[in-house]
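*Asks:* Got chain A; can you put chain B on it based on the hints?
Letter by letter, the chains look like this.
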Amino acid sequence: MNESVVTGSNGASINETLARLVEKTEALTALLISRHGICLGQAGGGARLNATALAALVAGMFSATKEVANIVGEEQFSILLQQGKKRHIHISLIGEKSMMVIVFEEYSRIGRVRLEAKKCSSTLVRLVNQDRKDQEQAIQDISIPDFKEYALNLIDRIFVIGEEEDASP
Amino acid sequence: MPHLDLNNRQLVFKIVYFGPGMSGKTTNLLFIHKKIFDKYKGDMVILDTEEERTLFFDFFPVSLGTVQGFSLKIHLYTIPGQVFYEASRRIILEGADGVVFVADSCIERFDDNVDMYRRMTTNLGSYGVDPTSFPIVLQYNKRDYDEVIPLGQLEAILELPDDLPVTESIATSGKGVMRTLQLISKEVIRNFQLDGSA
Chain A
-7 MNESVVTGSN GASINETLAR LVEKTEALTA LLISRHGICL GQAGGGARLN ATALAALVAG
53 MFSATKEVAN IVGEEQFSIL LQQGKKRHIH ISLIGEKSMM VIVFEEYSRI GRVRLEAKKC
113 SSTLVRLVNQ DRKDQEQAIQ DISIPDFKEY ALNLIDRIFV IGEEEDASP
Chain B
260 MPHLDLNNRQ LVFKIVYFGP GMSGKTTNLL FIHKKIFDKY KGDMVILDTE EERTLFFDFF
320 PVSLGTVQGF SLKIHLYTIP GQVFYEASRR IILEGADGVV FVADSCIERF DDNVDMYRRM
380 TTNLGSYGVD PTSFPIVLQY NKRDYDEVIP LGQLEAILEL PDDLPVTESI ATSGKGVMRT
440 LQLISKEVIR NFQLDGSA
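Chains A and B are the protein sequences, given in the same order. Just so we're aligned, residue -7 is where the first sequence starts under the working numbering, counting upward by one. Just so we're aligned, residue 260 is where the second sequence starts under the working numbering, counting upward by one.
The following block holds chain A by itself, in its conformation from the complex (with noise of 0.2 Å):
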């Protein structure tokens, strides 16, 4: 599936402060993703990961951390870490709403790694959260009678009712 990146809002500074932050640490990929799954800006050499996915999978293991915190007596675990025999992981929560993915090589680069995430940490919170202005205003200025027409058109024309409905029980 493609997903085109086109830059609006806080997109370009999201995607700048991941691209610095890739750069200081030398990771391969960093990606901001909403606890709801979404993946919000990326930077780095992610376009060889599939990040929908990797976005989905990422949310859901963060949550369930949360409920392993809540069991352990813990509200919540603010930073997880993956570690692999090449490639290792290290999410981090960016205020309530959103965790940001990094992925790197060396092991060694943990260190770093740590600290650069702490640091862009207050910045891509300010950002969300303006995104998060920018967004209301947004879905103001969408047309909403029009909205309905294109997308109820868009599923009768991509979500095809086929032949199996006259499959006999």
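Hints were generated in silico from the structure; no laboratory data involved. In this text, all values refer to a predicted model and were calculated from it rather than measured experimentally. We put the beta carbon where it would ideally sit given N, CA and C, even for glycine. It is possible that some hints are incorrect.
[To be verified] Derived BS3-like pairs: lysine-lysine, alpha-carbon spacing no greater than 27 Å straight-line:
1. K89/A to K125/A
2. K140/A to K300/B
3. K140/A to K298/B
4. K111/A to K58/A
5. K110/A to K16/A
6. K58/A to K89/A
7. K111/A to K78/A
8. K16/A to K78/A
9. K78/A to K294/B
10. K111/A to K89/A
11. K294/B to K140/A
12. K78/A to K125/A
[To be verified] One-sided excerpt, in silico: chain B residues whose CB lies under 7 Å from chain A:
13. H262
14. D264
15. L265
16. H292
17. I305
18. F315
19. G324
20. V326
21. I408
22. G433
23. K434
24. R438
25. L440
26. Q441
27. K445
[What the hints assert, rightly or not] Only part of the chain B face toward chain A is listed, based on derived beta-carbon distances under 10 Å:
28. Q269
29. F329
30. Y336
31. E353
32. L410
*Replies:* Chain B in isolation, oriented as in the chain A frame:
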């Protein structure tokens, strides 16, 4: 409300297939994934156990096209139906814009359907969602059984609204699957429209 992503100019709706274990939620998604043209869909993620029971969730994204400059997407999820995965179900239901409740038409599963529907409304309520004004489609699946739960019985015991969309399906053959998907997608879009300021 859907997720509006200005960075990627996309509007993402989340639809969750909910229901008791083995009612056919993953089978629904597998058929949909097979049926939709490649250019509209992303890879399917399946997290299951060795017995092919859903462990956490199944997921795939559908890209419908561009509406008013926004790429319109629908993310389809299933939940694990086994009773002990309550925490997982609650997590996946968060942020949903609509639900397909996949009921098992087998008469012996009547109570399981009722129990799971009530769990679903409780979970929705925990996120501040009123299930009576939320897009839900009730799908009676496995209509190829010899003896099936008659239409209307689940609605009656659960005191569901008269206008709740109901479908019949045999997900293994695909019968009723795309019709259900169309219905819930349209319900979600209409709800967004009515709730336009959301």
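*Asks:* Against which earlier hints does the structure fall short, listed by number upward?
*Replies:* 9, 12, 16, 17, 21 and 32
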